[in-house]
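Use the sequences and the hints to build the structure in full.
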Amino acid sequence: MKMLNIALPKGRLGEKAYGMFECAGYPCPSIKENNRKLIFENEAAGVRYFWVKPSDVAIYVERGAADLGIVGKDILLEYAPDVYELLDLGMGKCRMAVAAKKSFHDDRRRALIVATKFTNIASRYYAQQGRDIDIIHLNGSIELAPILSLSDVIVDIVETGTTLKENDLEEKETIVPISARLIANKSSYKFQNEAIGHIVKSMAQQLEEQA
Amino acid sequence: MNQNNAKSASAVSDALCAMYGAYGYKQYNMSKFEAYDLYVRNKDFLISDSVITFTDTNGQLMALKPDVTLSIVKNNRDEPGCVQRLYYQENVYRISKGTHCFRELPQTGLECMGTIDMFCLFDVIRLACLSLRAVSDDCVLDLSHLTPVRVVFEKLQLAKHVQDMMLTCIGEKNLHELRRLCVDNAVDETAAKQLETLVSCSGEAQTVLPKLRQTFDDPASKAAFSQLEEILCELQKVGLSDMIRLDFSVISDMKYYNGFVFKGFVQGVPNSVLSGGQYDPLMRRMGRHDGAIGFAVYFDELARLLDDDTIYDLDTLLLYDDSTPWQAVEQILRDLRNGGVSVGAQRTLPAQLRCRRVLKLENGEVTTVYENA
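For the protein sequence lines, the chains are A and B, in the order given. Counting from 1, one number per residue, gives the positions in the first sequence under the working numbering. Counting from 1, one number per residue, gives the positions in the second sequence under the working numbering.
Just so you know, the hints here were simulated from the structure itself, not pulled from any lab data. One or more of the hints may lead you astray.
To be verified - Taking lysine to any residue pairs in the SDA-like style, the calculated list, with each CA pair at most 20 Å apart, reads:
#: 1; chain 1: B; residue 1: Lys155; chain 2: B; residue 2: Thr168
#: 2; chain 1: A; residue 1: Lys93; chain 2: B; residue 2: Ser71
#: 3; chain 1: B; residue 1: Lys237; chain 2: B; residue 2: Gln227
#: 4; chain 1: A; residue 1: Lys53; chain 2: A; residue 2: Ile39
#: 5; chain 1: A; residue 1: Lys2; chain 2: B; residue 2: Asp137
#: 6; chain 1: A; residue 1: Lys93; chain 2: B; residue 2: Leu181
#: 7; chain 1: B; residue 1: Lys43; chain 2: A; residue 2: Ala127
#: 8; chain 1: B; residue 1: Lys97; chain 2: A; residue 2: Lys2
#: 9; chain 1: B; residue 1: Lys32; chain 2: B; residue 2: Phe102
#: 10; chain 1: B; residue 1: Lys97; chain 2: A; residue 2: Thr119
#: 11; chain 1: B; residue 1: Lys43; chain 2: B; residue 2: Asp78
#: 12; chain 1: A; residue 1: Lys201; chain 2: B; residue 2: Pro219
#: 13; chain 1: A; residue 1: Lys93; chain 2: B; residue 2: Arg180
#: 14; chain 1: B; residue 1: Lys97; chain 2: A; residue 2: Asp56
#: 15; chain 1: B; residue 1: Lys155; chain 2: B; residue 2: Pro219
#: 16; chain 1: A; residue 1: Lys201; chain 2: B; residue 2: Glu204
#: 17; chain 1: A; residue 1: Lys32; chain 2: A; residue 2: Lys2
#: 18; chain 1: B; residue 1: Lys43; chain 2: A; residue 2: Arg124
#: 19; chain 1: A; residue 1: Lys16; chain 2: A; residue 2: Lys93
#: 20; chain 1: B; residue 1: Lys237; chain 2: B; residue 2: Phe225
#: 21; chain 1: B; residue 1: Lys74; chain 2: B; residue 2: Met30
#: 22; chain 1: B; residue 1: Lys97; chain 2: A; residue 2: Arg124
Put into structure tokens, the structure is as follows:
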């Protein structure tokens, strides 16, 4: 039997998603051990899990190192990997939003300066509006950019809005809602069709029961 | 891949060309360059819209070919009542998604242009199946037909960007977003169900076709399903139907493609290694009246699978020194070569050379240093 390789995002979301795989008949008790291992295998169940950085899950799946993976919609929109997006797991809910200082007023006579980690999402969003922008790519602490006048606005993930409030910023527009998705490698979907089909069905059922 | 029969990507590509030749296809050679204008006019047909350009001595902007089909369509003329069958083995120049840099990508494929009848369609789909089989026994051809989705879109008359988003959802098997789009755009229940069926139905024809027939009752879709059935029936007779899965998530740009579209996968390669379909709309856009169908096999994707570690640079390496006259070394090498294997000679064993067998020649005596099975 070919092992099913599943990439899980490190952190709470990955742990929650593992629970769903376990319920679908793919347990791997060793994953709950408190150690620094990255790969966990249950040969009898035919499954191998690995923890990866959340933003890398889509790469592992697209390149076939993992057959399945759990990834945020933000990553899918930003990198557009060539994968199947099989389920919206409804967990890790948040939104991609434009935020700025409360006093911000958009001066359309000049290019809008946008600081973000998600340059593709931001470019597409403003291109659809025909708004000329200048993008600054940052890797973290995006909220600092408008405070220090590095940018006019930021495009970032907003969950509760607390970080924005504490930094005297506010959400101006919502770009797209975000949640965790189950993705599959396109080739694996052909050759591990039965196992993947079973997991999708079981997870969909679990989501229905939770609703 | 059959491990007892490890083969290199170039050997498989040559074998495919020989097979296409045996099925009546003529080799088509072309220049590495085309006028850039050809690609500007058909930008959406290209997998990547970035092209390497340069200015020719006459001032014309030229491009290194990012695609082969466009050149073949452009450089051939309609021959009413005839069918042109051409195959190629070419390199194309595209941006690699991973590195964001240009790469030279080897492709082997064929084009069938002219009065395309059911035999032509069958012939090309059969050769696509045989091409995959030549690579690996563990392979799948996802076969789709664009008519059902075209019928739904013609009925709905949605804005272009909504249609594009829906096509993306179909391609991703993304049922949840598709449902949201249907709700947001007030798509009627029947059409929404039809689109959902296209996403959720995939697998063996016996299972998929009855479901599709239940959902689509328009004459164009019915005719498409009959075509699919006829082709599958013939593929069964030649022992190829087992590798076919009907999968309507195989979507190609409808500005260029119509009718049958397909993608091939082999176990062990994460992306599709073969892609093809009917492209009558492209022919019209380029002023041709003929129909056309073709496919390409991507050897950049296959190289990792095919050029595996079991392949040696050399079958036999003979290590020699001054204890044997060089004329005797040459005689031994000649004898070894007569066995039909590749043979080389060195004074010491190079670190990067993979040899199946290493022999040592000392004082006229040949001994084996090592030999792999």
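The hints, checked one at a time:
no., hint, result
1, Lys155(B) / Thr168(B), "holds, 19 Å"
2, Lys93(A) / Ser71(B), "violated, 48 Å"
3, Lys237(B) / Gln227(B), "holds, 16 Å"
4, Lys53(A) / Ile39(A), "holds, 13 Å"
5, Lys2(A) / Asp137(B), "holds, 16 Å"
6, Lys93(A) / Leu181(B), "holds, 19 Å"
7, Lys43(B) / Ala127(A), "holds, 19 Å"
8, Lys97(B) / Lys2(A), "violated, 28 Å"
9, Lys32(B) / Phe102(B), "holds, 15 Å"
10, Lys97(B) / Thr119(A), "holds, 17 Å"
11, Lys43(B) / Asp78(B), "violated, 23 Å"
12, Lys201(A) / Pro219(B), "violated, 33 Å"
13, Lys93(A) / Arg180(B), "holds, 16 Å"
14, Lys97(B) / Asp56(A), "holds, 15 Å"
15, Lys155(B) / Pro219(B), "holds, 14 Å"
16, Lys201(A) / Glu204(B), "holds, 18 Å"
17, Lys32(A) / Lys2(A), "violated, 23 Å"
18, Lys43(B) / Arg124(A), "holds, 19 Å"
19, Lys16(A) / Lys93(A), "holds, 13 Å"
20, Lys237(B) / Phe225(B), "holds, 19 Å"
21, Lys74(B) / Met30(B), "holds, 11 Å"
22, Lys97(B) / Arg124(A), "holds, 18 Å"
In summary, the structure is inconsistent with hints 2, 8, 11, 12 and 17 from the numbered list given earlier, while agreeing with the others.
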